[in-house]
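Working from the sequences, and respecting the hints, build out all of it.
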Amino acid sequence: MARGDLKLIGLRPSPFVNRVQYALNLKSAEYEFIEEKFGSKSELLLRSNPIHKKVPVLIHSEKPLCESLVILEYIDEVWTSSPSILPSDPRDRAVARFWAAYIDDKWYPLLKEIRMAQGEEAKLAAVQGVEEGLGLLEEAFENISKGRSFFGGDSIGYLDLAFGCFLGWLRAVEEVADIKLLVGEKTPQLAGWAERFCSHDAVKGVMPKTEMLVEIAKILQAMAKAPSPPS
Amino acid sequence: MVEEVKLFRTWSSPYALRIVWALKLKGIEYETIFEDISNKSPLLLRYNPVHKKVPVLLHRGKSISESLVILEYIEDTWKQAPLLPESPYEIARAHFWAKFSDSKLMPAIWHVFLTQGKQQEEAIPPAIEILKIIEEELKGKKYFGGQTIGLADIAFGWMANLLYVLEEITGLKLMNTQNFPSLSAWINNFSDVPAIKENWPPHEKLVTKFQAIREKYLAAGATK
Numbered sequence: 024m025a026r027g028d029l030k031l032i033g034l035r036p037s038p039f040v041n042r043v044q045y046a047l048n049l050k051s052a053e054y055e056f057i058e059e060k061f062g063s064k065s066e067l068l069l070r071s072n073p074i075h076k077k078v079p080v081l082i083h084s085e086k087p088l089c090e091s092l093v094i095l096e097y098i099d100e101v102w103t104s105s106p107s108i109l110p111s112d113p114r115d116r117a118v119a120r121f122w123a124a125y126i127d128d129k130w131y132p133l134l135k136e137i138r139m140a141q142g143e144e145a146k147l148a149a150v151q152g153v154e155e156g157l158g159l160l161e162e163a164f165e166n167i168s169k170g171r172s173f174f175g176g177d178s179i180g181y182l183d184l185a186f187g188c189f190l191g192w193l194r195a196v197e198e199v200a201d202i203k204l205l206v207g208e209k210t211p212q213l214a215g216w217a218e219r220f221c222s223h224d225a226v227k228g229v230m231p232k233t234e235m236l237v238e239i240a241k242i243l244q245a246m247a248k249a250p251s252p253p254s
Numbered sequence: 002m003v004e005e006v007k008l009f010r011t012w013s014s015p016y017a018l019r020i021v022w023a024l025k026l027k028g029i030e031y032e033t034i035f036e037d038i039s040n041k042s043p044l045l046l047r048y049n050p051v052h053k054k055v056p057v058l059l060h061r062g063k064s065i066s067e068s069l070v071i072l073e074y075i076e077d078t079w080k081q082a083p084l085l086p087e088s089p090y091e092i093a094r095a096h097f098w099a100k101f102s103d104s105k106l107m108p109a110i111w112h113v114f115l116t117q118g119k120q121q122e123e124a125i126p127p128a129i130e131i132l133k134i135i136e137e138e139l140k141g142k143k144y145f146g147g148q149t150i151g152l153a154d155i156a157f158g159w160m161a162n163l164l165y166v167l168e169e170i171t172g173l174k175l176m177n178t179q180n181f182p183s184l185s186a187w188i189n190n191f192s193d194v195p196a197i198k199e200n201w202p203p204h205e206k207l208v209t210k211f212q213a214i215r216e217k218y219l220a221a222g223a224t225k
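Just so you know, the protein sequences line up as chains Z and V, in that order.
To convert a position in the first sequence, counted from 1, into this note's numbering, add 23.
To convert a position in the second sequence, counted from 1, into this note's numbering, add 1.
Hints listed in this document are in silico derivations from the structure and should not be mistaken for laboratory results.
Hints may be right or wrong, so weigh each one.
[Claimed, not checked] No more than 25 Å apart at the CA atoms, straight line, and that leaves these computed lysine-lysine pairs for BS3-like: (1) V:Lys140 <-> Z:Lys76; (2) Z:Lys135 <-> V:Lys105; (3) Z:Lys50 <-> Z:Lys86; (4) V:Lys119 <-> V:Lys133; (5) Z:Lys86 <-> V:Lys105; (6) Z:Lys64 <-> V:Lys143; (7) Z:Lys76 <-> V:Lys100; (8) Z:Lys64 <-> V:Lys100; (9) Z:Lys129 <-> V:Lys54; (10) Z:Lys241 <-> Z:Lys227; (11) V:Lys143 <-> Z:Lys86; (12) V:Lys63 <-> Z:Lys129; (13) Z:Lys77 <-> V:Lys63; (14) Z:Lys50 <-> Z:Lys135.
Spelled out as structure tokens, the structure:
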């Protein structure tokens, strides 16, 4: 596939963008990365995703695709070389999609809440939610991986991408909030999986460094506390 | 029997209705298990321990939860009467719109429906903006998928009757045929499909139920 044919509009610290980058790397698809600037949205982004105005947007042969999980499925359909991103069995696909939806709709918002929470009580509630989620995902990993290295089996798959993209931010939140969330003693399988995911070839050059994410987290926290002008 | 299909649902849940429609459209035989949300059965809690909600589909002894996930499972498992198009790009668009229904339209409509006074006044313009986006998408099309009903139509299906129920209860008119010709036509086209028409919950019962929900929310809000 010619490089010019495939463009990804994104922000390097965005876990949703990273998800797509990892998927493209898994498929050895070459693409041009168009970086957005923090705090402003480019003409190209607004044109390509007029409804949500968000990254990531994958532009393939001039056609824009939005929503990271939708993009993952698209990539899997178009780049049919192995590894497959989604499993082939309908039940396994449903399980992967279920947990990906849980992670996006329930778990990640709680992780963000730890960083953004005003007040100790709110923060503690969010921490509890995140830990409960990690417990559920530990069990899911046991059931789904069946002793292999990843949710996807021997290679990284849909659920690895859906969850693994948040590992950088997980570490950053741990540092900023001074807590430990993903702990080997509590969730040993996830801890092992996290290490394998982060050191995978498709991931390691792309996953943002924890230090950078910590800096961004601090800026976002400060912005949230600062009085905002009337909109 | 290994091929047995069971659906845990309530009589009114719009999410569960999606599954009824998909199963009917594909001609799949299934057994319905009605749940009482105020008194959830041990089976429901066992089959959906994470969310404890309907719908839950049981097939070959395994449970699947979350309506959009169930729809995809049905599409993956039973190939007749396909609900998704052929091309990967069009499939992606169907997925995009299905998500849009839940992530954007539903919250906006609920926000209008569960508020009153100034709060409700402020909730109306954003809801109309979202309806306009959908109107734009439906221009020149019979259904979201084109000529045949598909996944995105099923995802938006709740709108084809609940919107009228909510308008009746609040006395508000968010959309009309003049300003939303394509959306109005879609509602008619969608509602006319036999699998859909034959499975609408009773109108009066819906009005009563959602009236009670609105009153409960408003009362809870008033005590804040």
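Now for the hints, and whether the structure bears them out:
The straight-line distance between the Cα atoms of Lys140 of chain V and Lys76 of chain Z is roughly 22 Å, inside the 25 Å bound, and the hint therefore holds. Between the alpha carbons of Lys135 of chain Z and Lys105 of chain V the distance comes to roughly 20 Å, so the proposed pair stays at or under 25 Å and holds. In summary, the hint linking Lys50 of chain Z to Lys86 of chain Z is supported, as the alpha carbons are separated by about 19 Å, within the 25 Å threshold. Between Lys119 of chain V and Lys133 of chain V, the direct Cα distance comes to roughly 22 Å. Compliance with the 25 Å bound is thereby established for this hinted pair.
The straight-line distance between the Cα atoms of Lys86 of chain Z and Lys105 of chain V is roughly 23 Å, inside the 25 Å bound, and the hint therefore holds. A threshold of 25 Å between alpha carbons decides the hint, and for Lys64 of chain Z with Lys143 of chain V the separation of about 34 Å lies outside it, so the pair is violated. Restraint check: the Cα-Cα separation between Lys76 of chain Z and Lys100 of chain V comes to about 15 Å, which is no more than 25 Å; the hinted pair holds. The straight-line distance between the Cα atoms of Lys64 of chain Z and Lys100 of chain V is roughly 23 Å, inside the 25 Å bound, and the hint therefore holds.
For the proposed pair Lys129 of chain Z and Lys54 of chain V, the alpha carbon gap of about 14 Å is at most 25 Å, so the pair holds. Straight-line distance between C-alpha atoms of Lys241 of chain Z and Lys227 of chain Z comes to about 24 Å, which keeps the hinted pair within the 25 Å bound. For the hint pairing Lys143 of chain V with Lys86 of chain Z, the CA-to-CA distance comes to about 23 Å; that is within 25 Å, so the pair holds. With a CA separation close to 23 Å, the supplied pair Lys63 of chain V and Lys129 of chain Z stays within the 25 Å bound.
As the CA atoms of Lys77 of chain Z and Lys63 of chain V are separated by approximately 36 Å, the hinted pair breaks the 25 Å bound. With a C-alpha separation of about 30 Å, the suggested pair Lys50 of chain Z and Lys135 of chain Z falls outside the 25 Å cut-off, and the hint is violated.
The structure fails hints 6, 13 and 14 (numbered hints given earlier, in ascending order).
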